[in-house]
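Asker: Sequences are here, hints too, so could you generate the full structure?
First to last, the sequence lines map onto chains A and B.
Here our numbering is used: position 203 in the first sequence is 203, and no number is missing along the way.
Just add 1000 to the spot in the second sequence (first one is 1) and you have our numbering.
Calculated from the structure, these hints are not laboratory results.
From the three backbone atoms N, C-alpha and C, an ideal C-beta is built for every residue, glycine too.
One or more hints might be untrue.
[As the list claims (entries may be wrong)] Here are some chain A residues pointing at chain B (derived, C-beta under 8 Å):
1. SER59
2. PRO306
3. PRO310
4. GLU315
[What the hints assert, rightly or not] Below, a sample of chain A positions facing chain B; criterion: calculated Cβ distance under 7 Å:
5. ALA77
6. ALA83
7. PRO86
8. GLY111
9. GLU114
10. GLY307
11. GLY309
[As the list claims (entries may be wrong)] From chain B, some residues computed to sit far from chain A (all C-beta separations above 10 Å):
12. SER1036
13. GLU1170
14. GLU1174
15. ALA1189
16. SER1207
17. GLY1219
18. VAL1234
19. ASN1264
20. PRO1288
21. GLY1304
22. ALA1337
23. LEU1365
Spelled out from the first residue to the last, the chains are:
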Amino acid sequence: MQINQVMVSARPGDAITTSALELRALLRRVGRSEIFSRYVHERLHHDVWELKDSDWLASESPEDDMIVFHASIGEPAVETFLAGRPERLVVYYHNISPPELFYEYDPNLAGLLESGRRELARLADRAIMAVAVSEYNAAELTAMGYRNVRVAPLITDPYRLSALDPPPDIQARLAALEGPVIVFVGQLLPHKRPDFLLESFHVLTTYLQRPATLVLVGNHRLPRLSQALEDLTRELNLDRVILTGAVSDAELAAWYGRADVFVTASEHEGFCVPPLEAMASGVPVVARRFAALPETIGDAGILLEPGSGPVQMAEAIARVLTDERLRADMIERGHRRVRAYDAAAAGSALLRHLVEAAA
Amino acid sequence: MAEAEDVESLLEELRRTVEARREEGFYPAGLEDDLSAHFRRIVMHRTAPDLSRLDASMRRLRAVPGLSPERIPSDSGVPGGPALHRGLARLLGRQTQGILEQVEELAAALRAVADELSWAVRQASTHVHTDLIAQIDTLQDRLSALERQPAGDAGPMALAELSRRLERLESAEEARRFQPSYSAEEFEAAFRGSEYDLKSRYRDLASQLAGCSPVLDIGCGRGEFMELLSEEGVTASGIELDAQLAEAGRQRGLDISQGNGLQNLASRADQSLGGLVLIQVVEHLTAPELLNLVSLAADKVRPGGRAVIETVNPQSLYVFARAFYLDPTHDRPVHPAYLTFLFRQAGFTGIEIDWRSPPPAEEVLQPVGDPGADANYERLNQLLFGPQDYALIATR
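Answerer: Shown next, in the form of structure tokens:
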């Protein structure tokens, strides 16, 4: 029996790709396991098969084999592929961003997200099991008609960055920054509300604390959104906002190392790895009580109520930056939280579920 | 904060802080709404148009399921047909799959095109509109700023002040204008002498314009000089400021129009005149009007044509004692040297001064027989009793 994984897009640094690679490492301990993706980033060509090479799935008795499908975005070719395969199917759900917020920036991407949810619903009957990385995702799957839904935390190692040496030029640049540094990590997508962060930062530096620097670390996927954020930054005269774009792991580690507080205003996350990475780096976390964020952050960070606005977030950030006792406590809680999150345990939980499905 | 309640109490504390600061005005009212609206304006840059039908079509397009061999029907009315179909489908499964993948690829590309088009339409149908609205907003702001400007600054108030001053100037000018209670005809009859006198006085001057048709006579009065020209076989038209004099001339069959002579001259075609006559007119003109007259004369009189200007002679003191101030509309006498200079500058040649109307012989100082005294009398006569008028005759 072999367990292979299928995904839409394999990209280095991407949370889903990372978890697929981690899972493959676990699966290879017990047998043969490959990853097939519709789109494969050139840097992963040695590691991940393209879907059209799926002849590799050739097996004596494919009915006994299993495919773990990472559901993330719409891709008709993948749906068609899965529909034509005899293997048993397990859906691994990382969550699909809500398309509504994407239409005004990129209707094409919004369409893919929407068809992704539709494809996912159509696979409900075909799947013998669905694995969700959070209770939040599990609830969504159940609502879509999935019956055998299990929860296993995302397989990720929050400490993976701590071993990396920051690039010297980045380090020099970070050392030159005066005052507190507020860091967000994540792709610039509308549901992550980077606009909310800019507004909070405006309130913070105008009314509460100056000077400070806000850094948004992450890939720019939507040019229209990026342009709007740059316009807002300029029009609010926020001269100490840095948009880094995509960064290497080493640079990411450098930003965590310099951060005085980690913030996210995201309103939709299936899991959200960056808060764990921040905690592993000893950085207090301020977020909002949305989707899977309470599950991931627990009591280790400040989770603002969904109804609270940028002013409330600015006050929370100011408090974390100035209240030494609070800071120390949050950092301590963060470390405890990350330690409690055991990558090995997450992996074995997932494996256990898969074995059950295979039985 | 060792327990979960501490997190709650911290949040509660933050809420109370924000609440209190809002109330005391530390945070301006509507701060968050303004910030949010600001970003929405940047993103939307427009009012939302009704593109719901387009959106509905796009949703239908996205709802089309992926292609699958399973959805290809295999039923058949022929006995054994379904089994045959399914068998064929299995045999051709790989090919079918290949075709479906190609179609799927095409469909995905088309979906992308439709999405981009939908976006482009949305942009085109809204952006121009918003730009206009924004421009109107800007203009309205500037307008209201202008309206708020205090009096004295450049703006509507200053305009009103200018308008008032203009009205004052106009009424002052109205009062300054000379409007006699008598008619020009009555004045002429009282002081200028009979038609016969005038004609005999100017017959020689008219002969200077022989062969100079057509002649324009500016300030022609009743047209006596035009009749002299006619006797010389010269066609003439006249322009006269005084309506009654002009009418009197027209009744004698002369081509006389009422109006401003300089304006009339300016309206003529260049080189359209053979001659130009002004008798007892230039002393009524201001200095700039005289310059304008000479310049126009140079334009309108054709080469070979002539200008005849007759006026009072300021070199004779007798003129000022007797004639000049008799007419209150005389502005200033024109010196013959100056007039000569002007015509020469304008390009006229062959300029002659014809001294005219010597004072009556009985008014001139008479010699007493003493050569020394008589020489002095002669010099005094030249100064006091010089010719009353002169005519400048110039060829273009």
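Asker: Give a verdict on every hint.
Answerer: These are the hints, each one checked on the structure:
1. A least Cβ separation of about 17 Å between A:SER59 and chain B goes past the 8 Å threshold, and the interface hint is therefore violated.
2. The restraint placing A:PRO306 at the interface with chain B is violated, with a minimum CB-CB distance near 12 Å, outside the 8 Å limit.
3. Restraint check, A:PRO310 versus chain B: the minimum CB separation of about 6 Å is within 8 Å; hint holds.
4. Interface restraint check: A:GLU315 against chain B, minimum CB-CB distance 5 Å, threshold 8 Å, status holds.
5. For A:ALA77, the suggested interface contact is upheld, since its CB lies about 6 Å from the closest CB of chain B, less than 7 Å.
6. Interface restraint check: A:ALA83 against chain B, minimum CB-CB distance 5 Å, threshold 7 Å, status holds.
7. For A:PRO86, the shortest C-beta to C-beta distance to chain B is roughly 12 Å, which exceeds 7 Å, and the interface hint is violated.
8. With a cut of 7 Å, the hint placing A:GLY111 at the interface with chain B holds, because the nearest CB-to-CB distance is about 5 Å.
9. The interface hint given for A:GLU114 is met, as the beta carbon of that residue sits about 6 Å from the closest beta carbon of chain B, less than 7 Å.
10. For the restraint placing A:GLY307 at the interface with chain B, the shortest Cβ-Cβ distance is roughly 10 Å, beyond the 7 Å limit, so the hint is violated.
11. Among the interface hints, the one on A:GLY309 holds; its C-beta lies about 4 Å from the nearest C-beta in chain B, closer than the 7 Å criterion.
12. Once the 10 Å rule is applied to beta carbons, B:SER1036 is inconsistent with being away from chain A; the minimum gap is 7 Å.
13. With a closest Cβ-Cβ approach of about 53 Å to chain A, B:GLU1170 is found to remain outside the 10 Å limit, as its non-interface label requires.
14. Residue-level check passed: B:GLU1174 sits 60 Å from the nearest beta carbon of chain A, beyond 10 Å.
15. Residue-level check passed: B:ALA1189 sits 86 Å from the nearest beta carbon of chain A, beyond 10 Å.
16. Every Cβ of chain A is farther than 10 Å from the Cβ of B:SER1207; the closest lies at roughly 89 Å, confirming the non-interface assignment.
17. Every C-beta of chain A lies more than 10 Å from that of B:GLY1219, the closest at about 74 Å, which supports listing it as non-interface.
18. Every CB of chain A is more than 10 Å from the CB of B:VAL1234 (nearest about 83 Å), matching its label as outside the interface.
19. For B:ASN1264, the condition that its CB be more than 10 Å from all CB atoms of chain A holds, with the nearest at approximately 66 Å.
20. Residue-level check passed: B:PRO1288 sits 60 Å from the nearest beta carbon of chain A, beyond 10 Å.
21. Here B:GLY1304 stays apart from chain A, with its beta-carbon at least about 78 Å from theirs, past the 10 Å limit.
22. Distance check for B:ALA1337 against chain A: the nearest CB is about 76 Å away, which clears 10 Å, and the non-interface claim stands.
23. Non-interface status of B:LEU1365 relative to chain A is upheld: no Cβ of that chain comes within 10 Å, the nearest being about 97 Å off.
Checked against the numbered hints above, the structure violates hints 1, 2, 7, 10 and 12; every other hint is satisfied.
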